[in-house]
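Respectively, the protein sequence lines represent chains A and B.
Going by our numbering, the residue at position 228 of the first sequence is 228; the numbering climbs one at a time, nothing skipped.
Going by our numbering, the residue at position 219 of the second sequence is 219; the numbering climbs one at a time, nothing skipped.
I should point out that these hints are in silico values taken from the structure, not numbers from a laboratory.
Treat the hints with care, as some may be off.
[Unchecked claim] Straight-line C-alpha distance at most 30 Å; calculated BS3-like pairs for lysine-lysine: (1) 370(B) x 2(A); (2) 234(A) x 266(B); (3) 255(A) x 234(A); (4) 25(B) x 7(B); (5) 233(B) x 284(B); (6) 233(B) x 49(A).
Predicted model, so just to flag it, every value in this text is computed and none were measured.
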Amino acid sequence: MKIAVCIKQVPDTTEVRLDPKTNTLIRDGVPSIINPDDKAALEAALRIKDGAGASVTAICMGPPQADVALREALAMGCDNAILLSAREFGGSDTYATATILAAALKKGDYDLIIAGRQAIDGDTAQVGPQVAERLGIPQISYAEEIRAEADGVVVKRQYEDCYHLIEAKFPCLVTVLAEAVQPRHMTVRGTVEAYAADIPVLGFEDLKDGLNPDWIGLKGSPTNVVKSFAKQLKGQGIRLAGLSEDEAVNTIVQKLDELCII
Amino acid sequence: MEFTLSKQHQLQQQLYRSFAQAEIKPLARDMDEAEEYSPQLLQKMQQAGFFGIPYSTVYGGAGADNLSYVLCMEEVSKVDGSTGITISVHTSLCCHCLNEFGSEEQKQKHLRPLVNGSKFGCFSLTEPGAGSDVAAGQTTAVLDGDDYVLNGSKVFTTNSGFADVFVAFAVTDREKGARGMSAFIVEKGMPGLSVSANIPRMGIRAASNCVVTYDGVRVPKENLLSREGDGFKIAMKALDAGRIGIAAQAVGLAQGALDEAVKYVKERKQFGKPISAFQNTQFKIAEMQTQVDAARLLTYRAAAAKDAGQPYGSHAAMAKLFASDVACQVTRGAVQLFGGYGYAREYPVERMMRDAKITEIYEGTSEVMKMVIAGAMKVK
């Protein structure tokens with residue numbers, strides 16, 4: 001089984017500072033990490049490798065220094081790593097990024113592609129699903145568990161108030177959640193081998209056969225950022241238990257009334 | 001001259017730090033209270049490859065270097081001094097002896113399981129009457145047929161409670177003094193080998209540290225390390241290397257206590273403002289960090305010299321002498337900044353202060369370090 005894991009290098013902060021003029025991230029002085037959901041994606045892939053056996057390739061698009069994230073993925077146990085880096089790729093939004101990732105993934109003939117649900121810097125949760133669309137393969141998002149079968153996966157998908165168990169045949173794409181798995185530590189030997197490894201860098205020339213130059217980079221990005229802001233934590237919610245239907249309805253109506261919603 | 005860590009060392013530092021914070025820190029206080037090391041934690045460190053960091057992959061080690069080992073010692077000791085000494089005695093005392101002085105057969109048989117972490121090692125040198133005066137050891141080894149028969153008693157043997165391999169030092173020829181001492185690989189389960197309960201101590205209480213008794217232990221001839229009479233030299237070389245690890249442990253303890261203090265002084269309010277707003281606090285913190293950085297640089301210099309194949313004995317002694325003093329001063333300073341809460345066992349700084357003291361004593365006291373440094377300067 002061939003698994004590809006898409007990872008992104010992000011600034012290590014939930015309180016991202018933004019340049020007020022350009023609405024882009026100020027990265028200076030902020031240490032970079034593998035995006036937490038993507039690290040969970042690596043763990044999910046490595047668990048399949050530990051169980052059913054698989055070769056796992058980590059793929060990252062970013063500037064040359066994103067190589068550090070790939071070395072970390074190798075030190076965790078990935079077999080291969082590929083960096084997608086080119087001047088032409090700069091300024092890509094999710095749509096353009098997915099286009100580039102899909103072009104690279106197409107070359108690898110992977111059975112399973114795993115990505116994190118979303119990145120902590122952009123919070124869009126778009127790239128994984130967009131890659132699946134570009135490749136024309138099934139996608140399952142918000143996965144807590146992935147069980148690999150001979151010809152596909154069974155995924156436990158988190159929903160607001162329940163789980164869905166969904167099957168998909170290979171090739172397919174799954175996006176996973178950081179809260180569901182505790183990623184493994186690197187190993188010391190892994191870090192040594194990671195720096196002995198050769199990480200191929202694929203640029204525009206390497207991917208241009210499957211890539212429309214008008215769909216990538218800043219000019220290929222339809223997103224126009226109007227405003228960026230740090231996200232607010234969603235409230236815990238209130239669970240009403242042990243009430244009859246009538247009591248529950250009355251309590252909810254009363255709460256809504258208190259909050260001036262009705 | 002390069003003062004930044006390589007990318008590879010940075011990645012290793014990240015591994016050691018995240019492991020220490022996630023796996024060791026939550027257990028440190030309970031292990032200290034229980035005076036017992038967690039077997040599960042030993043297993044996790046084994047999986048991450050913490051027990052063979054500077055040893056060749058040929059023998060199953062991680063294939064990293066001594067600077068990487070120092071980074072590990074520093075990060076684990078920031079949260080727990082006991083973990084530091086557990087790794088250090090195994091790595092830079094026990095494994096070092098086998099790696100430097102073992103035959104190929106001995107390395108395959110004994111070093112391999114030690115550096116891959118499936119077995120644990122200790123270093124059985126100190127005796128009740130022979131501390132700094134190593135050559136005064138009373139434990140004897142007498143050749144009888146194909147075996148050496150060991151008799152004697154060792155004290156303060158770190159890791160001995162769970163060790164599988166004991167590098168034991170014994171006198172084979174009393175006439176020759178220091179040159180009459182030899183080193184042996186003693187294996188757990190050999191008849192006559194017994195290990196006492198943990199010796200109650202002031203600090204590094206989670207580490208295993210016991211009395212080891214050799215009562216007619218028959219050790220096969222093939223378990224002699226190097227040649228008869230090389231024991232003193234082997235012990236001194238191992239201690240030279242070990243001191244780099246202890247210096248790193250001291251740096252870690254100091255930085256760990258300082259990090260806790262920095263966090264605390266920003267939160268703690270007295271006289272209507274955080275105590276970090278007082279210049280006395282700022283000056284104290286500044287002095288402490290400067291001391292820690294100086295100790296760290298001496299320690300990295302010693303590790304880098306060893307990695308470069310240069311003489312490092314004197315560098316290691318200076319690093320240990322200075323870093324252990326800094327560890328005692330800085331941890332004490334951290335307790336002072338915490339005030340009454342620093343004295344309470346709820347916070348980790350009192351444990352760090354207790355743990356720091358031993359770094360001035362074991363693997364050569366500060367006084368012995370000065371003898372080594374002055375000796376290297378030919379001041380006799």
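So, going through the hints one by one against the coordinates:
1. 370(B) x 2(A): violated, 59 Å
2. 234(A) x 266(B): OK: residue 234(A) and residue 266(B) at ~28 Å, within 30 Å.
3. 255(A) x 234(A): Distance ~18 Å between residue 255(A) and residue 234(A) Cα, so the pair holds.
4. 25(B) x 7(B): holds, 25 Å
5. 233(B) x 284(B): Not OK: residue 233(B) and residue 284(B) at ~42 Å, beyond 30 Å, violated.
6. 233(B) x 49(A): Roughly 47 Å between the alpha carbons, so the hint for residue 233(B) and residue 49(A) is violated.
In terms of the numbered hints stated before, the structure departs from hints 1, 5 and 6, listed from lowest to highest.
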